[in-house]
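S.K.: Chain by chain, the residues:
2 protein chains.
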Amino acid sequence: MRHTSKGADDDVRMRGFAQRDTVAAALAWLDAQDVQDAQARPLATETIPLRNAAGRVLAASVVSDVDVPGFDRATMDGYALIADSTEGATAYTRLPLSVIGDSMPGSPFVGSVSAGEAVRVMTGAPMPRGADAVLPAEWVETECTSPCKISALAAVSPGKNMGRRGEDIVRGTILLEPGRILRPQDLGVLSSVGQGEVRVIRRPRVRLAVTGNELLPSGAHPSGFHIVDANGPMLSALIERDGGIVDFPGLVRDDPSAILEALQADADVVIVSGGSSVGIEDLAPVLVARHGELAVHGIAMRPSSPTGFGRMGNRLVFLLPGNPVSSLCAYDFFAGRAIRALGGRPKEWPYRAIQGKLNRKISSPIGRLDYVRVKIDGDLVDPLAVGGASILSSTTRADGFVIVGDDSEGFAAGSDVKVWLYA
Amino acid sequence: MRHTSKGADDDVRMRGFAQRDTVAAALAWLDAQDVQDAQARPLATETIPLRNAAGRVLAASVVSDVDVPGFDRATMDGYALIADSTEGATAYTRLPLSVIGDSMPGSPFVGSVSAGEAVRVMTGAPMPRGADAVLPAEWVETECTSPCKISALAAVSPGKNMGRRGEDIVRGTILLEPGRILRPQDLGVLSSVGQGEVRVIRRPRVRLAVTGNELLPSGAHPSGFHIVDANGPMLSALIERDGGIVDFPGLVRDDPSAILEALQADADVVIVSGGSSVGIEDLAPVLVARHGELAVHGIAMRPSSPTGFGRMGNRLVFLLPGNPVSSLCAYDFFAGRAIRALGGRPKEWPYRAIQGKLNRKISSPIGRLDYVRVKIDGDLVDPLAVGGASILSSTTRADGFVIVGDDSEGFAAGSDVKVWLYA
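Chains A and B supply the protein sequences, listed in that same order. Numbering of the first sequence is given in our numbering, commencing with residue 1 and proceeding in unit increments. Numbering of the second sequence is given in our numbering, commencing with residue 1 and proceeding in unit increments.
To be clear, the hints were calculated from the coordinates, so they are not data collected in a lab. Quick caveat, the model's predicted, so the values are computed rather than measured. Glycine is no exception: its CB is placed at the ideal position from the N, C-alpha and C atoms. Some hints could be false.
[Said to hold, decoys possible] Covered, in the sense of this in silico footprint (three residues per stretch, anywhere, with C-beta under 8 Å from a C-beta of chain A), are these stretches of chain B:
1) 19-26
2) 95-107
3) 208-218
4) 236-246
5) 320-333
[As the list claims (entries may be wrong)] Below 25 Å or equal to it, Euclidean Cα-Cα: the simulated DSS-like pairs (lysine-lysine) are:
6) A/K418 <-> A/K375
7) A/K418 <-> B/K160
8) B/K375 <-> A/K347
9) B/K357 <-> A/K361
10) B/K357 <-> A/K375
11) A/K361 <-> A/K418
Turn these sequences into a full structure, and let the hints guide you.
M.R.: Right under this line is the structure:
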């Protein structure tokens, strides 16, 4: 597939796509790229401080080189002793014990416990040498003449109320596997084995090029025949949601050299918003076809049919329609999937799905996939009565969307449907 | 409730809690604080750039002061004309039209369209004066002698393939309501009406004070009887997950003046990790009781029973046990709930719940709530065979947890249970 620039074939190009790929065929190309990447050049990694690692994707197994804890410790406040010293103790048969010192967390008792002796311990304190149990403070009566005398009111068995060295983590244990999206408690475990840094998959760098001479930059007020860029802020937030790092230096003119420069940016992924169709001002597909590979252009779906993607060297390139609903939908189907995959995350949508009952039918032709925005009212799913790909506010009024596959004519009123919830 | 400092009552304090609040009573106190806050001093707000607003909580309604689009526009590539000019056109009855110019997005046709005339338009371009429909490029035959002559191959009806001014957003519409957690597409809509900034609820500032003389800072290697802080990195990540801003300047010595300084930090919430029980080194509850209000201390749950909370002036203060599983659980039940509420977010856990079938029974005494870590294997829910609150690795091996309420003796093997999934 190859396009020439403006001129004789303008009219052909204005006639629309000669044929459209199915969504499945488009996804198959995309997923094959990921496989190729993983084989040809494993996903790049980086080492970052643990404090920044929440939500990042672990790149390599973490094996502990220490026991946690590194010593036997008390798991209750009380008295460390030899369990035998309490044998037969009850509230009526109190057994006297001599308190020979304290063991506090980080500051152990120096010395050894013999029969009839006890060391006062706090939870977490190292067990003194010789002791094999902790008698909880609740089971002790104290007479604090100096030195303190205590009496055991109950017996404990050996090993009671203490934790052994390595009870949390044994040296050599694989703590976490590659691909793990790091949870808060994972950071705690990594910290406890002495890992101040962690090796994670590098976040994909995404160059966002928003084109359209009719656009004013976000922050401007709409004026005259100029509209304010909605896709830049929206796509930036989507890319970040999916773990990408956004490079969005500003709007790009509808000019071949400006667009080509963006297509050749130092990035893992380039997303061009706008000018993705086959009209005379749709420059990006022509440029990708000429300087790289335009693998997919035109997809049998609504909205987002004028979507393209391919490669420019090592970069994956996505050409998203300028209409903002199309842009959102095409991002979620294709570009977001690639960004998530490159970053080692699950390819699936990061949306939660629920089941609901349609209150009105949805019709859709065979051969085209439809993305239908819906509102949820209790158990009922209400398709919004707007079709236009330009109506971005439909995606803020909607609670989510229903997908009608290209092998389906839609759903009758009352059908159970799966709804993907925006979040 | 009032504690005195170390001395005569050490032994009483080592005996454990005289009584424990139920989780419900503890939550009732906490939720009453939020209500009180909301009445006494509405949640503080701040204005931030739109580009940083994804995931933030909107503080005020946003009303559009413009129509979007601000003009009628083409929704297809083709020819803008008076629909009547195409009346009767078919592939066999071609009707000639004179092309009198172009209208491009942001660069309208200057002039007016009369019967028999057409203006070439791109999707999104302003409709020329006089035109009331767009004839798609696919329905046109072109002869490009100069000037171009085109023929309509089909008829269009008035209003076809064009969008009216305000079709996306009508001036005066309430776009988004307060409390909305801003989605990527919300940023797009806000941008399109000219909002470069957005008023959001301020993120709660949380001072994190991790105490324990036995602790080494995260990043150190465990050594001798010192263990490395796990709670600091874990709690920092949890606080950020819940929308808080973490102030964690480093470990705090088990020293009354150091802990008091943290309790009086410039913050909305203070979290003290460690030293929360009733032992002789448990300083924080005594300090809160003396200098503020220790409303809850000791909760009928496992783990996390030695949890306390209250107020120091305007600050909500949480005293979390040093044992890391207790710390996680107490954070999720209490501190996280307060942080989410202060930031305008739903109080509920940010965990997804699923149903599963227990493969072994869970026993729990009446009067105590239990937090049971479980693994998921298909549909089966497997309680982990570890009880200890010190075994943080149990929360990384687990996929989630099951709650046994204090009115329940647990669940029989084969029961359907609700599992909250860690994420």
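S.K.: Compare the structure with each hint and give your call.
M.R.: Hints, one by one, checked against the model:
1. 19-26: Violated, because only 0 residues of the region 19-26 of chain B bring their Cβ atoms closer than 8 Å to Cβ atoms of chain A.
2. 95-107: This one holds; 4 residues, not fewer than the three required, reach chain A with a Cβ under 8 Å.
3. 208-218: holds (count 5)
4. 236-246: holds (count 5)
5. 320-333: Coverage by chain A holds for the region 320-333 of chain B (4 residues, Cβ < 8 Å).
6. A/K418 <-> A/K375: Holds: A/K418 and A/K375 sit about 13 Å apart, inside 25 Å.
7. A/K418 <-> B/K160: Answer violated: A/K418 to B/K160 is near 32 Å, above 25 Å.
8. B/K375 <-> A/K347: holds, 23 Å
9. B/K357 <-> A/K361: Violated - the C-alpha atoms of A/K361 and B/K357 are around 36 Å apart, more than 25 Å.
10. B/K357 <-> A/K375: violated, 32 Å
11. A/K361 <-> A/K418: holds, 14 Å
In the structure shown, a violation is registered for the earlier hints numbered 1, 7, 9, 10, in ascending order.
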